[in-house]
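Novice: One letter stands for each residue in the lines below.
Number of protein chains: 2
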Amino acid sequence: MRVAILLYDRFTALDAVGPYEILCRLPGAEVVFTAERTGPVRNDAGSLTIVADASIDEIAAPDIVLVPGGPDTSGPSADGPVRDWLRAVDATSTWTTSVCTGSLILGAAGLLSGRRATSHWLALDLLPSFGAVPVSERVVTDGKYVTGAGVSAGIDMALTLAGKIAGDEVAQRIQLGAEYAPEPPYDAGRPDTAPAEIVDGIRAMSGRILQG
Amino acid sequence: MRVAILLYDRFTALDAVGPYEILCRLPGAEVVFTAERTGPVRNDAGSLTIVADASIDEIAAPDIVLVPGGPDTSGPSADGPVRDWLRAVDATSTWTTSVCTGSLILGAAGLLSGRRATSHWLALDLLPSFGAVPVSERVVTDGKYVTGAGVSAGIDMALTLAGKIAGDEVAQRIQLGAEYAPEPPYDAGRPDTAPAEIVDGIRAMSGRILQG
Numbered sequence: 001m002r003v004a005i006l007l008y009d010r011f012t013a014l015d016a017v018g019p020y021e022i023l024c025r026l027p028g029a030e031v032v033f034t035a036e037r038t039g040p041v042r043n044d045a046g047s048l049t050i051v052a053d054a055s056i057d058e059i060a061a062p063d064i065v066l067v068p069g070g071p072d073t074s075g076p077s078a079d080g081p082v083r084d085w086l087r088a089v090d091a092t093s094t095w096t097t098s099v100c101t102g103s104l105i106l107g108a109a110g111l112l113s114g115r116r117a118t119s120h121w122l123a124l125d126l127l128p129s130f131g132a133v134p135v136s137e138r139v140v141t142d143g144k145y146v147t148g149a150g151v152s153a154g155i156d157m158a159l160t161l162a163g164k165i166a167g168d169e170v171a172q173r174i175q176l177g178a179e180y181a182p183e184p185p186y187d188a189g190r191p192d193t194a195p196a197e198i199v200d201g202i203r204a205m206s207g208r209i210l211q212g
Numbered sequence: 001m002r003v004a005i006l007l008y009d010r011f012t013a014l015d016a017v018g019p020y021e022i023l024c025r026l027p028g029a030e031v032v033f034t035a036e037r038t039g040p041v042r043n044d045a046g047s048l049t050i051v052a053d054a055s056i057d058e059i060a061a062p063d064i065v066l067v068p069g070g071p072d073t074s075g076p077s078a079d080g081p082v083r084d085w086l087r088a089v090d091a092t093s094t095w096t097t098s099v100c101t102g103s104l105i106l107g108a109a110g111l112l113s114g115r116r117a118t119s120h121w122l123a124l125d126l127l128p129s130f131g132a133v134p135v136s137e138r139v140v141t142d143g144k145y146v147t148g149a150g151v152s153a154g155i156d157m158a159l160t161l162a163g164k165i166a167g168d169e170v171a172q173r174i175q176l177g178a179e180y181a182p183e184p185p186y187d188a189g190r191p192d193t194a195p196a197e198i199v200d201g202i203r204a205m206s207g208r209i210l211q212g
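For the record, the sequence lines run as chains D and F.
Position 89 of the first sequence, counted from 1, bears residue number 89 in full-length UniProt numbering, the numbering being contiguous throughout.
Position 10 of the second sequence, counted from 1, bears residue number 10 in full-length UniProt numbering, the numbering being contiguous throughout.
Here chain D stands alone, though its shape is the one from the complex (with noise of 0.2 Å):
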């Protein structure tokens, strides 16, 4: 079973690493990092490259394939290379996945129209604008597609996907592996529960830092 996990300039590291962590657990997995060109790629700090090991002419028919967000989702989503690649997969994929704002990638190719879908909860409004219908919730699965909320979700996502794919027992076992049983220290995980104030003070910096 073969994973693709799309890197691009300025993606967001835990959006890819998290599912990864998870994914490439699944017995037979072969997960590849693949972008336009191989070599490094810088995240959206700039402070963290991963290598490309593929290019995505080297990746024919992923069965799974995973696009993570970032802030600006505007290299991948134009006209080109990348999005010519995820509609090439995507016909034959078994899986096309995303987090964060990946679906608004996802969205651009074309791929969602229709379809419910999630994403970062500052990007939720963007999905109708590619005809996809937009789910505020963590994950959401239609028919082959399935789509994580912001950044952590997609360990949640992948956590999911691992158990449509390989039952309920195996992704238990990753969990506990991955000592997944979180407890984040604070309640401010989204925007109902964290205080207004703060939502507040994202929603307003969030011109500068989403133009998907």
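Nothing false has been slipped in among the hints.
Derived list of chain D stretches under chain F, where covered just means 3 residues or more per stretch with a C-beta under 8 Å from a C-beta of chain F: (1) 15–21; (2) 48–60; (3) 163–173; (4) 188–194.
Chain F residues, not near chain D, derived (Cβ > 10 Å throughout): (5) Arg37; (6) Ser55; (7) Ile59; (8) Ala60; (9) Ser74; (10) Arg87; (11) Ser113; (12) Arg116; (13) Asp125; (14) Gly131; (15) Asp142.
None of these hints come from the bench; they were simulated from the model.
C-beta: ideal position from N, C-alpha, C; glycine also.
Chain F: place on chain D using the hints.
Specialist: Structure of chain F alone, referenced to chain D:
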């Protein structure tokens, strides 16, 4: 504020990238991935490569040191440059931290003697051999030493640390940005909540995967 995240051959990716995603959002944080030598470093599964942008020789006095875990911590635990570096940077660090079996590496460097600390649940009982006091909690703080439990616990560890460093409001803002409101699809993230046969299965394998 300089944050140094140690990489070494066969580190566990999420151990490093989970807390990275939190700490790199701290105001004024300069995060650098460092290893014995600059260049690509492969993770335990062999399919993810993060680039060490600086060698440990170049990182003299970081404010925060973070050591991720991995299934085989013998390399960075051995008498050699990495252990020497850990001792040197710990002498002036504000915070010395670890995720998962990274605490075994800190222990091997002699930094946890008499300290309360945690580790991956499979590795907790190895801590006393370094003079540390094992504590089965997700995040353990003892003075400037902050240790997290297995793999995914690095996110909780880093958010806890973010609160100590920058205050609750900043930490909550980072949490909301990362939409960290986890919803694991199973309650199998700890040995006391996972099905017994899954715990036993992982324990049986652990002789192979934990050589710390």
